[in-house]
Amino acid sequence: MKRIIAALALFLAACGPKGSGATEIRVADAWARATAPDKKATAAYFTIANSGGAHDALVAVASSIGPAEVHSTSMDGGIMRMRKLDRLAVPKGATVKLEPGGTHVMLTGLVEPVKVGGNVDLTLRFEKSGERKVAAAVRDSSGGQM
Amino acid sequence: MRRIRLLIWILVALALVGMGLLLLNRRPMPEPAITITGTSFGGPFTLVGADGQQFASTRLAGKPYAIFFGFTHCPDVCPTTLARLARLRKELGRGDDAFNIVFVSVDPEQDGPKEVGSYSTAFGSPVIGLTGSPAQIDRVKKQYGIFSEKVPQGDSYTVDHSAAVLLFDRDGAFQSTISADEQDAPAMDKLRQLTA
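Heads up: the protein sequence lines correspond to chains U and S, in order.
640 is the number of the first residue of the first sequence in our numbering; add one for each residue after it.
216 is the number of the first residue of the second sequence in our numbering; add one for each residue after it.
Hints are computed from structural coordinates only; laboratory data are not their basis.
Errors might be hidden in some of the hints.
Simulated pairs of lysine-lysine, BS3-like, Cα-Cα distance not exceeding 25 angstroms [said to hold, decoys possible]: (1) U:679 to U:723; (2) S:357 to S:305; (3) U:754 to U:772; (4) S:329 to U:678; (5) U:754 to S:278; (6) U:767 to U:731; (7) U:723 to S:365; (8) S:365 to U:679; (9) S:357 to S:278; (10) U:679 to S:329; (11) U:754 to U:679; (12) S:365 to U:678; (13) U:754 to S:305; (14) S:356 to U:678.
Okay, the calculated beta carbon distance ranges per label pair [said to hold, decoys possible]: (15) U:732 to S:364: 35 to 45 angstroms; (16) U:699 to S:400: 33 to 43 angstroms; (17) U:699 to S:230: 53 to 63 angstroms; (18) U:732 to S:350: 45 to 55 angstroms.
Don't be surprised by glycine CBs; every beta carbon is placed ideally from N, CA and C.
Could you put the whole structure together from the sequences, leaning on the hints where they help?
Shown next, in the form of structure tokens:
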């Protein structure tokens, strides 16, 4: 009996809120760019808001359609350089925006075209907050700003 | 009195030497992405079009053009830049004939005529996609002052490259550039001037 109660207590503790230092991560405005014909790579973007009391970081992204990596884009004397980011910091109180020409999720090895009107399911793994799932709406090459 | 004056002069001399040293030791400026060398900047060139045929730069004569170098596996900056050019050309309100948008691959190993051709159709507006042999691409990169370099990434690679759009007038003379981080308003001014 004691053992059952202990197990139950553990279970409840695992389910409950994480205490004062907990992060509060919200992912919004997710979208992915439609692929050009025959292209096997594109990018996805979203906004991460951390309204909790602790720093967090995005450490992995998985997509429903192929390998995904977080990449930074930097301009160095007019030269564009794209690099893999192993960890994207999301400090407490900060909003981190992934957007065209900047940090983005690169989707590669695509077998099927990514078409306007569809969705790309993304699973984001955070260092402290665990996983968040978002559906990135597919927009045309301009990001729907035409 | 004379001694004080001498002291002041010594201080001035020391300050000048110090400033000179500071200037000498300043960190070197980053290499400019685009090196403009007199009147030879830009064409003429011969590359390969989406149809697999030779494409001579004389086909661009008579109309201004905006030329951008990239690669079709580029997921972010390249489509963003080309889509923006297409959008600005629409906003200019003088149709697709106002100026040509030219895309040249700096990754000829992966981008054949078919690849640049299909890529160029993705922007809802005509884009001239060009590639060529590695030697042809190298020559054109030099002519346009473009830097590019393959960088291994996992089991594939990415390409670092100059990201500015170069604007040439209807006589093929270089006019200005639009950088990737430039706002729409100044970019639009340049396009208006280009097509005036």
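Tested hints:
1. U:679 to U:723: holds (18 angstroms)
2. S:357 to S:305: violated (31 angstroms)
3. U:754 to U:772: Since the Cα atoms of residue 754 of chain U and residue 772 of chain U sit roughly 20 angstroms apart, the hinted pair holds (cutoff 25 angstroms).
4. S:329 to U:678: holds (11 angstroms)
5. U:754 to S:278: violated (34 angstroms)
6. U:767 to U:731: Between residue 767 of chain U and residue 731 of chain U the Cα gap is close to 12 angstroms, so the pair holds against 25 angstroms.
7. U:723 to S:365: holds (15 angstroms)
8. S:365 to U:679: holds (18 angstroms)
9. S:357 to S:278: Holds - the C-alpha atoms of residue 278 of chain S and residue 357 of chain S are around 23 angstroms apart, at most 25 angstroms.
10. U:679 to S:329: holds (14 angstroms)
11. U:754 to U:679: holds (12 angstroms)
12. S:365 to U:678: Holds, because 19 angstroms separates the two Cα atoms, which is no more than 25 angstroms.
13. U:754 to S:305: Distance of about 23 angstroms is within 25 angstroms: holds.
14. S:356 to U:678: holds (24 angstroms)
15. U:732 to S:364: 35 to 45 angstroms: At roughly 38 angstroms between Cβ atoms, residue 364 of chain S and residue 732 of chain U fall inside 35 to 45 angstroms, so the hint holds.
16. U:699 to S:400: 33 to 43 angstroms: holds (39 angstroms)
17. U:699 to S:230: 53 to 63 angstroms: The hint (53 to 63 angstroms, Cβ to Cβ) holds, given that residue 699 of chain U and residue 230 of chain S are roughly 55 angstroms apart.
18. U:732 to S:350: 45 to 55 angstroms: holds (54 angstroms)
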